[in-house]
Amino acid sequence: MGECHYQSGNYEAMIIAETCRQVLKDAGVNPDRI
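Our numbering puts the first residue of the sequence shown at 6, with every later residue one more than the last.
No lab work stands behind these hints, which were simulated from the structure alone.
We put the beta carbon where it would ideally sit given N, CA and C, even for glycine.
Some hints here could point you the wrong way.
[Unchecked claim] Ranges between beta-carbon positions, derived for each pair:
#  : residue 1 : residue 2 : range
1  : Q12       : G33       : 15 to 23 Å
2  : D37       : N15       : 18 to 26 Å
3  : E17       : R38       : 19 to 27 Å
4  : Y11       : G33       : 28 to 36 Å
5  : P36       : N15       : 14 to 22 Å
6  : D37       : Y16       : 30 to 38 Å
7  : Y16       : P36       : 17 to 25 Å
8  : P36       : G14       : 17 to 25 Å
9  : D37       : E17       : 31 to 39 Å
10 : S13       : G33       : 31 to 39 Å
11 : R38       : Y16       : 16 to 24 Å
Take these sequences, add in the hints, and give me the full structure.
Shown next as structure tokens:
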């Protein structure tokens with residue numbers, strides 16, 4: 006994730022994006038849209 010001092014925020018955003026991808030997949034929407 007790099008040496009950014011916002012690393013914890015980057016990690017949280019990654020978790021949120023992955024959760025959104027899973028929700029989209031479960032709803033039958035292509036998760037690659039995000």
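Verification of the supplied hints:
For Q12 and G33, the hinted distance range of 15 to 23 Å is not satisfied, since their beta carbons lie about 34 Å from each other. Roughly 20 Å separates the CB atoms of D37 and N15, a value that falls within the hinted 18 to 26 Å. Between E17 and R38 the Cβ separation comes to about 21 Å, which falls inside the hinted range of 19 to 27 Å. The hinted range of 28 to 36 Å is satisfied by Y11 and G33, whose Cβ atoms lie roughly 34 Å apart.
Look at P36 against N15: about 20 Å separates their beta carbons, and that is inside 14 to 22 Å. Restraint check, D37 to Y16: a C-beta distance of roughly 21 Å breaks the suggested window 30 to 38 Å. For Y16 and P36, the hinted distance range of 17 to 25 Å is satisfied, since their beta carbons lie about 19 Å from each other. Between P36 and G14 the Cβ separation comes to about 22 Å, which falls inside the hinted range of 17 to 25 Å.
Restraint check, D37 to E17: a C-beta distance of roughly 21 Å breaks the suggested window 31 to 39 Å. Range check, S13 to G33: about 33 Å between beta-carbon atoms, so the 31 to 39 Å window is met. Separation of R38 from Y16 is about 22 Å and conforms to the stated range, judged on CB atoms against 16 to 24 Å.
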